[in-house]
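Engineer: Sequence:
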Amino acid sequence: MSAGATGKGASHDRASWLDVPRAWLSHHWACAVASIRHLLHTAFTSAMTWLVIGIALALPVSMLIALDNAHRFSSRLDSPVQLSLFLDPEQTLAAAWQLQQTLEEREDVASTRLVTKEEALREFQELSGFDDILLHLEENPLPHLIVVSPADPRMSAGAAANWQSELQALPGAGRAILDMEWVQRLNSLIRLSERLVAAVGLLLTLGALLVVGNTIRLAIENRRQEIVVIKLVGGSNAFVRRPFLYTGVAYGLGGALVAWLVIAATLWQLEEPLRSLAQDYQSEFTLLGLGWKGGLSLLMAGAVLGLSGSWLSVSRHLSRIQPR
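61 is the number that the working numbering gives to position 61 of the sequence shown; each next residue is one higher, with no gaps.
No wet-lab data here; the hints were simulated from the structure.
Hints should not be assumed to be uniformly reliable.
Dumping the calculated EDC-like pairs for lysine to aspartate or glutamate here, alpha-carbon to alpha-carbon at most 20 Å [claimed, not checked]:
1. K117 x D88
2. K293 x E90
3. K231 x E221
4. K117 x D152
Distance windows between CB atoms, simulated [claimed, not checked]:
5. I177 x T102: 41 to 47 Å
6. L40 x L270: 31 to 37 Å
7. S236 x A43: 28 to 34 Å
8. E118 x I177: 16 to 22 Å
9. E107 x L274: 24 to 30 Å
10. D108 x Q269: 47 to 53 Å
11. T266 x A120: 23 to 29 Å
12. L274 x G174: 37 to 43 Å
13. E107 x V304: 32 to 38 Å
14. A264 x L196: 22 to 28 Å
15. R195 x E272: 30 to 36 Å
16. L274 x T42: 38 to 44 Å
17. G234 x L202: 40 to 46 Å
The beta-carbon is built from N, C-alpha and C at its ideal position, and this holds for glycine as well.
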């Protein structure tokens with residue numbers, strides 16, 4: 001055999017090996033294009049499916065965005081710990097000064113400030129607008145107050161609670177109130193909301209999977225005869241499954257795109273009222289949305305969701321269709 005014939009045979013073998021991946025890629029491309037055309041041909045049904053999936057995805061994602069903004073808001077409000085120590089009403093001003101001196105000597109106290117009952121009453125008169133009523137009081141009902149700042153301004157919640165109990169147990173002290181308590185309650189509420197969002201997100205994700213799976217099941221039933229013919233001529237399950245998987249991915253991507261648009265429209269509607277509210281409180285807080293990275297992640301999650309739902313549905317129903 002000549003060298004030229006050997007070279008031609010080798011070239012033919014290489015071409016044969018290259019034809020296999022080319023045919024595989026060509027079929028994938030044809031399946032993807034055919035799936036998109038089918039969805040556009042049944043535009044109304046596809047739009048309804050996209051809308052259901054979009055709402056199912058938009059709800060938990062919107063709640064996650066709200067929680068993220070709540071985290072940002074609470075972090076701005078998380079000021080150093082400060083304790084307001086109200087004295088017993090019977091305590092005299094001299095006793096209040098003595099207790100303040102005792103607090104100043106503690107190693108866990110950075111600074112103190114005494115607010116006498118007279119100062120507290122004047123401040124209350126200025127802020128409440130009840131000057132005429134307060135003037136007729138026989139005695140001042142307000143106690144002396146000592147505002148205490150800890151040596152560790154970023155102490156943990158547990159340490160702050162123990163510190164509060166210690167100061168409240170001092171002789172002459174009445175009630176001790178941590179100024180960070182409401183921030184802690186807000187953080188606890190956020191943590192509870194995170195678990196609620198996880199549960200709701202899981203349920204809605206399962207619902208979206210069922211929607212995609214049921215839609216693919218109907219598509220399989222509509223093409224039952226076509227599937228039987230393909231299997232009769234030797235088509236494998238992978239060959240038959242491929243267009244349905246692309247259809248599932250298209251449903252997931254379309255639903256994710258709808259969810260992105262719904263979230264963007266909602267944030268756009270809320271942007272102006274929130275800006276006005278922030279200005280009323282002299283705050284520069286702005287509402288953050290998904291952004292491009294979050295949007296692309298949402299599209300990817302939608303594609304995975306659609307692929308998973310279609311794979312589960314096809315794997316279950318395709319094996320039941322066999323040529324007789």
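Engineer: Are the hints correct? Go through all of them and say.
Structural biologist: A quick look at each hint next to the structure:
1. With a C-alpha separation of about 11 Å, the suggested pairing of K117 with D88 holds against the 20 Å cut-off.
2. For the suggested pair K293 and E90, the alpha carbons sit about 62 Å apart, so the restraint of at most 20 Å is broken.
3. Proximity of K231 to E221 is assessed by CA-CA distance (about 15 Å); at most 20 Å being required, the pair is judged to hold.
4. In summary, the hint linking K117 to D152 is not supported, as the alpha carbons are separated by about 28 Å, beyond the 20 Å threshold.
5. Between I177 and T102 the CB atoms are about 19 Å apart, so this pair departs from the stated range of 41 to 47 Å.
6. For the pair L40 and L270, the beta carbons lie near 33 Å from each other, so the given range of 31 to 37 Å is met.
7. For S236 and A43, the hinted distance range of 28 to 34 Å is satisfied, since their beta carbons lie about 31 Å from each other.
8. Checked against the hint of 16 to 22 Å, the C-beta distance between E118 and I177 comes to roughly 21 Å, which is consistent with it.
9. Checked against the hint of 24 to 30 Å, the pair E107 and L274 fails, with Cβ atoms roughly 44 Å apart.
10. A beta carbon spacing of about 49 Å between D108 and Q269 agrees with the range 47 to 53 Å that was offered as a hint.
11. Range check, T266 to A120: Cβ separation about 45 Å, and the 23 to 29 Å hint is violated.
12. The beta-carbon spacing between L274 and G174, approximately 40 Å, falls within the hinted interval of 37 to 43 Å.
13. In this structure, E107 and V304 break the distance hint of 32 to 38 Å, their C-beta atoms being roughly 56 Å apart.
14. One distance hint, 22 to 28 Å for the beta-carbon pair A264 and L196, holds here, with the actual separation near 24 Å.
15. The hinted window of 30 to 36 Å between R195 and E272 holds, with their beta carbons roughly 32 Å apart.
16. At about 40 Å, the CB distance of L274 to T42 agrees with the hint of 38 to 44 Å.
17. Distance hint for G234 and L202: a CB-CB separation of about 42 Å, consistent with the stated range 40 to 46 Å.
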